[in-house]
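Q: If you read the sequences in order, they're chains A and B.
Everything in the first sequence is counted per the numbering used here, starting at 76 for the first residue and increasing by one.
Everything in the second sequence is counted per the numbering used here, starting at 6 for the first residue and increasing by one.
Heads up, none of these hints are tricks.
Here are some of the chain A residues that sit facing chain B, going by a computed Cβ distance under 7 Å: (1) L88; (2) A177; (3) V229.
Calculated Cβ distances over 12 Å to all of chain A for the following chain B residues: (4) T71; (5) F86; (6) I90.
Source of the hints: derived by calculation from the structure; they are not laboratory data.
Backbone N, C-alpha and C fix where the C-beta goes; we use that ideal spot for every residue, glycine too.
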Amino acid sequence: MRRLGYLAAVAVLVIWSIGPIYWSLMTSLTPPNALISDHLRLWPEHFTLEHYGKLFGSSSTNQGNEVQSVWPQFSAALFNSVVTSLAATVLTVIAAAFGAWAFVRLRFPARDLTFVLIVATLGVPAYTVMIPLYRMMIAAGLVDTYLGVTLIYVSAFLPLALWLMRSVYQAMPLSLEEAAWLDGASRLYTLVFIVLPLAGPGLVATAILTFLSAWGQFMVPLVFSPTLNTKPLTVLIPEFVTRNYVDYGLMNAAGIVAIVPPVLLVIFLNRFLVQGLMAGASK
Amino acid sequence: MHSGFISKRLLRGREASLGLVLTFPVSAIMLALVLLPLVITVFDSFYRIEPMKPGTPFVGFRNYLTLMTDGNVLQSWVNTFAYVILAVTIETLGGLGAALVLHKARFGRRWLLAIVVLPWCLPPVVNAIIWLWIYNPSYGLLNGILRGVGLISENQVWFNNRFTGLLLASVVHAWRMLPLTAIILLAALQSIPVNLYEAAKIDGASPWQQFTLVTLPLISSGIAIALSQSTVFAFNLFDEAWILNGSALDTRSIMVQVYISAFQNMKFSLGMTLSILAMVASLAVSALYVLRVYKETSFD
Numbered sequence: 076m077r078r079l080g081y082l083a084a085v086a087v088l089v090i091w092s093i094g095p096i097y098w099s100l101m102t103s104l105t106p107p108n109a110l111i112s113d114h115l116r117l118w119p120e121h122f123t124l125e126h127y128g129k130l131f132g133s134s135s136t137n138q139g140n141e142v143q144s145v146w147p148q149f150s151a152a153l154f155n156s157v158v159t160s161l162a163a164t165v166l167t168v169i170a171a172a173f174g175a176w177a178f179v180r181l182r183f184p185a186r187d188l189t190f191v192l193i194v195a196t197l198g199v200p201a202y203t204v205m206i207p208l209y210r211m212m213i214a215a216g217l218v219d220t221y222l223g224v225t226l227i228y229v230s231a232f233l234p235l236a237l238w239l240m241r242s243v244y245q246a247m248p249l250s251l252e253e254a255a256w257l258d259g260a261s262r263l264y265t266l267v268f269i270v271l272p273l274a275g276p277g278l279v280a281t282a283i284l285t286f287l288s289a290w291g292q293f294m295v296p297l298v299f300s301p302t303l304n305t306k307p308l309t310v311l312i313p314e315f316v317t318r319n320y321v322d323y324g325l326m327n328a329a330g331i332v333a334i335v336p337p338v339l340l341v342i343f344l345n346r347f348l349v350q351g352l353m354a355g356a357s358k
Numbered sequence: 006m007h008s009g010f011i012s013k014r015l016l017r018g019r020e021a022s023l024g025l026v027l028t029f030p031v032s033a034i035m036l037a038l039v040l041l042p043l044v045i046t047v048f049d050s051f052y053r054i055e056p057m058k059p060g061t062p063f064v065g066f067r068n069y070l071t072l073m074t075d076g077n078v079l080q081s082w083v084n085t086f087a088y089v090i091l092a093v094t095i096e097t098l099g100g101l102g103a104a105l106v107l108h109k110a111r112f113g114r115r116w117l118l119a120i121v122v123l124p125w126c127l128p129p130v131v132n133a134i135i136w137l138w139i140y141n142p143s144y145g146l147l148n149g150i151l152r153g154v155g156l157i158s159e160n161q162v163w164f165n166n167r168f169t170g171l172l173l174a175s176v177v178h179a180w181r182m183l184p185l186t187a188i189i190l191l192a193a194l195q196s197i198p199v200n201l202y203e204a205a206k207i208d209g210a211s212p213w214q215q216f217t218l219v220t221l222p223l224i225s226s227g228i229a230i231a232l233s234q235s236t237v238f239a240f241n242l243f244d245e246a247w248i249l250n251g252s253a254l255d256t257r258s259i260m261v262q263v264y265i266s267a268f269q270n271m272k273f274s275l276g277m278t279l280s281i282l283a284m285v286a287s288l289a290v291s292a293l294y295v296l297r298v299y300k301e302t303s304f305d
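Looking at chain A on its own, in the form it has when it is part of the complex (with noise of 0.2 Å):
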């Protein structure tokens, strides 16, 4: 009895965590005049990837008619969000790493200070301090670059990533670094070729907390990218809403596009997402 109790909660939890996915999914390959039936089904009759063709196509048809291909469109905004995330994600594990390594065991002036003022920021929203950085954007002419909305994400992630990274050195063993100071190492040396091999699995986690938030980032685009220069897919999608009608099995399908990444990460390297997770959480 207990046993079946046990197994009707696991039942609803995965239920509740990917009922939604899957129907967006089926959605996404459920022909258009199908999805306008009374009749719910939890699969499509017939399977179809037209809502792809119209994402990836060269042109398409809607209702008869022929119309332009988002492609254009969407390809440039899902390069804009790989590029932003990559960028951001490499950036802030870098200056994490390193910046994270010195307030664990360097002395230097107001170092207590400053790792306190930083973390303090996760409190901080980000609109709170968006419409000063608006002003300033785009006084230094940095609005729709790719370099002001990376340093933008830098800014929002990099509290994270170093309060990650130095519970990650703080569980090291001392005397690692100690034994190659001794046989005459240089400390940056010992960082880069000691220490950093082996916080390997904390600068995985934190790379995968670090894109996942870029890749879902809104608000900042938002306001930051409003052209296809640097608009993400975050940007572009709900935007499909906005022409003459909802397409809604185009919209699930980008959707579905704009999950793959996350998806595909949680699949192969979910062990470090959610030690990151654990780390990050218990403060």
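Starting from the known structure of chain A, arrange chain B on it as the hints suggest.
A: Just chain B, lined up with the frame of chain A:
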């Protein structure tokens, strides 16, 4: 002895400069892109800054007063508090349930954990679009299921009703944030020593008593962390409300109001003032939980 002292000082100096060099990129970015704008926000909330109007005169507390009497802003506050209450309740109860199930899992725990974490990993915008289709008045899954089990006789337009609108937007937000609460509570559950349960069993405690007398008190600090995290996130709810219902006043959160004030009505200083108030409110509420839970646990 003397030379030893000098080399030690030299080492200290080199250590300090290495530390400053390695932390410089971090400090510079945070100073320029977060701390400086934060200070500017506070200062600018006392001025009138609107790109459409000339000059930036000092206005004292007028921005704050304007916000306190603006009907739209007041309704956004009410909506945001509704989001906080609804979302935090769903996340805490659901997250605790999920954590208990995960803690119990013997086989395939890693994969169950991966499945539970998945919604948190997806872009909030995509989540909102997925749920927007589920909530669709004509062809949505929610109407279909509720009609199927006979709870409603005809399709509902969910966002025509303020309460269901707020509730359904909270569900989307909670769907994304629940994994974080679950992970925090799972970490707390794993830190409870098993022999405490054995001792409770020997004393004849029922499973419910074990839960209320052993589990809950021992994960209370985890609950405090989870509560304050989910409160801060619910206060900053933007993406879900914006995608599901745009600027509609019924579901407008305080962050949506900030966006509208600043970037649609171009009233920068009003937006900044409101964002300060929102930050102070969210931090105050989450500090309240932490204090409360610490107090309660220190009684035991």
